[in-house]
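Trainee: Each residue of the sequence shown is one higher than the last, beginning at 1 in the working numbering.
Hint data in this document are derived by calculation from the structure and do not stem from the laboratory. This structure is a prediction, so every number in the text was calculated from the model and none was measured. Incorrect hints may have been included.
As the list claims (entries may be wrong) - Straight-line Cα separation of at most 30 angstroms, DSS-like style, residue types lysine-lysine; simulated pairs:
no., residue 1, residue 2
1, LYS210, LYS233
2, LYS210, LYS199
3, LYS69, LYS131
4, LYS69, LYS210
5, LYS69, LYS199
6, LYS131, LYS233
7, LYS233, LYS199
Said to hold, decoys possible - Between beta-carbon pairs, the in silico distance windows are:
no., residue 1, residue 2, range
8, ASP195, PRO289, 35 to 45 angstroms
9, GLU43, SER299, 49 to 59 angstroms
10, PRO97, SER227, 26 to 36 angstroms
11, SER224, PRO157, 46 to 56 angstroms
Built from N, CA and C at the ideal position, the CB exists for glycine as well.
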Amino acid sequence: MRLDEKEVTLQQELAAQIERYTGIDGTFSTNIPSLHFIRASNETDPIHTLYEPSLCIVAQGTKLVILGKESYVYDPSCYLVASVQLPVSGQVIQATPECPYLCLRLDFDSSQIIDLIREVDISQNVPSSTKRALYVSQTTTSLLEATVRLVNLLDTPQDIPVLAPMIIREILYRILLGEQGHSIKQFAMTGSHADCIAKVIEMIERDFAKPLRVETLAAAVNMSTSSLHYHFKEVTAMSPLQFQKKIRLQEARRILFSGVTEAANAAFLVGYESPSQFSREYARMFGLPPISDIKQFRSTLRAASN
């Protein structure tokens with residue numbers, strides 16, 4: 001998809017602001033609590049993380065996100081939305097020191113969406129079928145204009161408390177009106193299948209180290225086990241057990257990289273009873289068994305510090 005001349009100008013302004021507020025690689029918070037900037041001057045290895053409900057807009061470069069077995073690529077011509085918490089793998093696939101990857105992430109929560117739906121008649125055309133909670137959609141001029149205005153508020157911090165909530169509301173309104181806005185709306189409809197799946201996701205994430213019993217989860221949201229399996233996979237592109245496994249392994253890797261314990265104990269902390277099973281599944285997800293992965297991580301840190 002190609003941007004028109006006005007959209008190109010807006011993206012360039014956005015890129016210049018992100019570069020000005022970062023300057024080095026990394027993820028940066030801003031004076032607007034829900035707004036974050038990301039910069040990378042080279043292509044990256046896959047990074048496993050938990051996406052929160054958020055809007056991501058790339059001003060420069062290209063990124064690949066993998067959810068389950070599905071791939072999503074987005075660049076300045078499109079934006080990405082995650083409607084609920086999702087374990088994903090993200091990788092910058094186009095970036096150079098001369099033209100770094102520059103992106104912003106705007107976090108939001110369901111209460112902001114519910115308030116919008118209540119106040120404005122944007123609840124129509126919500127399909128009865130459950131939709132994926134992650135999608136890529138074409139960038140629009142109106143969305144870019146609002147986003148640039150939000151970022152420009154960082155130059156006048158005294159205006160942020162009054163104007164930022166208004167502009168964020170406009171941005172969310174724009175994506176709700178977008179061609180795939182129903183993917184967000186579905187989670188704000190109390191009692192919908194998507195709403196039930198969002199509750200199940202919260203339960204799995206809260207108790208990920210405990211044995212997963214689908215029957216118990218289904219009963220908690222008044223669904224049959226078959227219906228829960230079906231709609232959970234429609235939303236997340238994976239089964240509840242696969243979802244839990246990714247959460248467990250991501251947390252185990254975080255623990256191991258912090259250096260506070262060894263692999264066998266990390267396995268136990270995240271709910272594994274068999275260290276050998278943990279090692280196999282860890283290597284399948286991250287490409288190396290735990291001990292080798294830790295060694296490579298420490299080697300990379302030493303090289304970066306030299």
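Trainee: Hints first: check each against the structure and report whether it holds.
Mentor: Here is what the structure says about each hint:
1. LYS210 x LYS233: Given that 30 angstroms is the threshold and the Cα spacing comes to 21 angstroms, the pair holds.
2. LYS210 x LYS199: Holds: LYS210 and LYS199 sit about 17 angstroms apart, inside 30 angstroms.
3. LYS69 x LYS131: holds, 16 angstroms
4. LYS69 x LYS210: Satisfied, since the Cα-Cα distance of roughly 25 angstroms is no more than 30 angstroms.
5. LYS69 x LYS199: holds, 23 angstroms
6. LYS131 x LYS233: holds, 10 angstroms
7. LYS233 x LYS199: With Cα atoms ~14 angstroms apart, LYS233 and LYS199 stay inside 30 angstroms; holds.
8. ASP195 x PRO289: 35 to 45 angstroms: The hint (35 to 45 angstroms, Cβ to Cβ) holds, given that ASP195 and PRO289 are roughly 39 angstroms apart.
9. GLU43 x SER299: 49 to 59 angstroms: violated, 19 angstroms
10. PRO97 x SER227: 26 to 36 angstroms: Violated - the Cβ-Cβ distance for PRO97 and SER227, about 51 angstroms, lies outside 26 to 36 angstroms.
11. SER224 x PRO157: 46 to 56 angstroms: holds, 52 angstroms
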